[in-house]
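Undergrad: full-length UniProt numbering puts the sequence shown at residues 1 to 1109.
Derived by calculation from the structure, the hints in this document are not laboratory data. For every residue, glycine included, the Cβ atom is placed at its ideal position computed from N, Cα and C. Wrong hints could be hidden among the right ones.
[Stated by the list, open to error] No more than 20 Å apart at the CA atoms, straight line, and that leaves these computed lysine to any residue pairs for SDA-like: (1) Lys541 to Pro190; (2) Lys526 to Glu601; (3) Lys155 to Pro58; (4) Lys310 to Asp321.
[Claimed, not checked] Simulated restraints, written as ranges between beta carbons of each label pair: (5) Gly388 to Lys84: 23 to 29 Å; (6) Glu630 to Thr698: 25 to 31 Å; (7) Lys695 to Glu397: 43 to 49 Å; (8) Lys118 to Leu261: 21 to 27 Å.
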Amino acid sequence: MAPEKLRTPPQPPPLFTATPTSIVEDTKRLIERSRKVQDQVAASVQPEAATFANVLLPLAHDENQMTLEAHILAFYQAVSTDQKLRDASSEAEKLLDDFAIETSMREDLYRLVDAVLKKNEDLDPESRRLLEKEHKDYIRNGLGLPAGPQRDRFKEIKKRLSQLSIEFQKNLNEENGGIWFTREELDGVPEDVLSGLQKGEGENEGKLRLTFKYPDLFPTLKYAKNAETRKRVAIANENKCNQNVPLFREAMILRDEAARLLGYPNHAAFRIEDKMAKTPETVDKFLGDLRSRLTAGGQKELEKLKQLKKEDLESRGETFDGHYYLWDHRFYDRLMLEKEYSLDQQRIAEFFPLQTTIRGMLGIFEQLFGLVFVEITGEDRDKVAETGKGNDIVWHEDVQIFSVWDDEEQGSGFVGYLYLDLFPREGKYGHAANFNLQPGFIDVNGKRRYPATALVCNFSKPTPKKPSLLKHDEVVTLFHELGHGIHDLVSKTTYSRFHGTNTVRDFVEAPSQMLENWCWTPWQLKSLSQHYSTLSPEYFKSWEEQAPIGAAKPPEKIPDELIENLIRTKHVNDALFNLRQLHFGIFDMTVHEPASHEAIEKMNISETYNKLRKEISQIEGPEVLGQGNEWGHGQATFGHLMGGYDAGYYGYLSSQVYSTDMFYTVFKSDPMNGKEGRRYRHVVLEKGGSQDEMKTLTEFLGREPKTDAFYEELGYKLDVVHIHVHEADYVGQYYEPMQVLYLNNNRIIEELSNWLRRDYCVPTVLLSIPPNNNRSAHSLTHSTKSVSQSVNRYLPVAQSTLPEKTIHTEKEMSTETDSHHHQQQQPGEPEPEPEPEPDHSHSHSHRPRPHHRPRLPIRTYHCRFCSHLLVATTQDLLSGEIPRRGGLAQDRALIVPLPSRRALRKGSGSGSNLSDEGEEEEDDEENRIKDTDENEKDRQEGQQQQHHRNNGSNTTTKPAATQQQQQQQQHYTILLSTTIPDRKPTVIRREDGFEKRILLRCGRCRVVMGYVLDEEQRKKQQRQQQQKTEKQEQKREQEREDEDEEDEDEDDNQVAYILPGALVATEDLGPGEGTGGGGGGSGGGGVDIPIDKNAILQSFEREWKEWIK
């Protein structure tokens, strides 16, 4: 029994006593009250007198009060068994949406909000965010359009889209289709599933009715041995809601039309603008990069599954046709886990009874976040209900309700109410989701209002012989949705607008995804488990009846070997799973990013959906059986795209970048660290959407997020070997040790190594870890030899095998080369293997020693955002001495000259690589990025300033030998192939007009790190320059005539403009950083830059933050 103080919450739970009539009446009452507040503000305040207090604050308080009832009025349609109540709830949502559209297009209110914004009052950060978002929402809702036909059409579209969304979701909720099967056709399906199916009568006598609800659907696809049964179920499931097909199509067309009315190229650009990704191009590149990484892995997984299918069919005397179909996947995925990993999902489920698992999960949240959950049952429900009737505070008898409190350490304060609605029923929402019932906020009297949140799921119902048992994937689902619930509960914001999960869509899943990791750690799995037979004598007797004769009594907790087997399967067939997610994300972007409005009007959406599924997931469907690409209409069941995730489904994948980074950095080493859990609660969850999500992440991580942990978790970690290279020149002098990062990207290796060899006479050892992370010395050596013979011949690998210890990430291997190339053993390293007989045809001692050319030290620079290796240069880009753009350019970018193509052809340097990663170089004439005259001016300025600094202030004439030496010491910079240019230029406004820039992006995270000027911009500025000075033009023409015919069109000295703060030097990276290809370290190390000790870096940091904004 909970203490008395935890049984008397300071705020009663919401009531669920509505009738079809009251729902509509209450909705109209709320609308009229809100309209009255808006009218009063508009009538009583003039723009010149408008302030946050007399305009935004009364509107915000009204919104706060409205949400207390509005969310519940619309909630009934997802959970009520009463058809009339669901219909009334749908009508209420339509009325509320129409009123929201009306409000968002009130020009009188917009003028007042605009006046407040321009006054730039001193506001707290959350109020400032509210003001800015409110102002932007008016623009995005059509007030940027001129009054008249266009604005009227936009309003008409918004209202129709609301109707389509409501009708679409209503059809899904009320879907109740099914198929009648004989028991023979359902052979293999677990008995506890079959016992819950409807039994047939009359013409269906002896049959069982299988519905498309998850507790029926998934076990059938996993266990039914009859492939024809699985096929019928899979195809029927894709066609269960075909009345939604025209609704979906109409919505896609209207969304595109509305976006184009507002001046956006498509709906995706409109929706993503205010997300973390900002542009569709960023999303497309992220999804495309992930697809390219996963495709090969998916093919390998598919081949193994095909072989398993072949063996299974042949063992049953059936013929394998060489195909692997949609309806095969869950079946053979499950069979692989059982055969190769000894994983019996049915046995594992016996250790996860639903109620026991929930108590275990709540216990984990209590320990991590300092919470206390008290279930409200029986008479206690009567006590807390405003009406004195406990049934009034739930909408169905199956629903559980908890009061949630801070523990004593956190102050024992009330937090809110948690509802659990866990079992399927007619008319109920068919998936798993979290619904906010009442948000938290500060009311007009300064008092906190506490939230209420509901988990709506569809787990199998308990029977007299068994409780509801959860498969492990259902445990993960429950933990995920509870994560949303916790986010909703512990959020503390001033305004309901920002409460809880009201964040941008490409972040909102991150907190819940992070908590899924607790379902894959041994201690947490053990603590969640309890075999159902230990719950009661009746359950034990039931277990005995089904257990084999002589079977030992099951342990109370899940055995360690089962846990180990389970954890080993975490990433089995993971590539295929993520390719399926990519199909959803890419389809979402495809229908919301058409090339033209005519394109979406002509698009066959069902065909597009199925073709993309086949191309991306690589799993075959009925199309290979001659049924074409319109055999199913999966988009008609895709509720996410009609319910707020439009042009946002990618967020399920992109938010994993943040969730994995948070877990690896903070919790992986100690998942139950209560101190970090409470910090996570207060720094991340409490903020809701009240501040920029990137700021929230940065504050929690202590740095900006990175992708390393995400790709490592997917199995695409790229290891790094640090090598110190020494070289003795011909007079016996040693250069300083030079640290070079070699990656398992052979293109980068060859690019950087060729430069080192040719221009710095540095023999290089190439070490390339195979992509499958095989760390064996044999594989390493083989990979080393096969990378680039042109470089290896200068310094052959000195060992046939390498000690395994020296290969691990974050280990350094120092290779010194003297005149005899004797490899020194490093302190603490194991005894090296004997050296093989040297290959004299490649020996360094048998090639002519190059002429001694003193060279400047090489520096490498990485993306400021994700630590991806991008630039190699002889210049110190962070010295504060690099010349910068000024005047009309405004951005203060660093001016970094690059070698010309002519210089490259003559072998005097190494230049920029501006080709797309992973693609062949295109025709030079198509891809050449030429300099403008401003390029040349900036380049000359940069070289002159650098030359002056190298010479010092002394202008005394130097000896000829010294001058010659200095000429050989000119600076070089290369942009590695990891730096990706945009295919199209971006137009930047300048005070004197416009400038077209081709943005240079980090090849991993796609953050802009700099730019070059577009060829068209070059021609434009060249014409301007011709008008200004004929003399300079004649001089340039004369210089061109002096060049060879071959070089006539190639006077293309390049200048790259690097944004201040976009790069970080290798030496400033934290431990384990500095990968050019995605790895390095075990996750968690951050960019550790001593900003407080360097005034230049302090300046860059300030500028960087402005660029991030």
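Undergrad: Would you mind marking each hint as holding or not holding in the structure?
TA: We went through each hint and held it up to the structure:
For the hint linking lysine 541 to proline 190, the alpha-carbon distance of about 19 Å falls within 20 Å, and the restraint holds. At most 20 Å may separate the alpha-carbon atoms for a hinted pair to count; lysine 526 and glutamate 601 exceed this at roughly 54 Å. For the suggested pair lysine 155 and proline 58, the alpha carbons sit about 25 Å apart, so the restraint of at most 20 Å is broken. Simply put, lysine 310 and aspartate 321 have alpha-carbon atoms about 8 Å apart, close enough for the 20 Å limit, and the pair holds.
Between glycine 388 and lysine 84 the CB atoms are about 27 Å apart, so this pair conforms to the stated range of 23 to 29 Å. At roughly 47 Å, the beta-carbon separation of glutamate 630 and threonine 698 lies outside the given 25 to 31 Å, and the hint is violated. A hinted range of 43 to 49 Å holds for the C-beta pair lysine 695 and glutamate 397, which are about 44 Å apart. Taking the beta carbon of each, lysine 118 and leucine 261 are about 26 Å apart, inside 21 to 27 Å as hinted.
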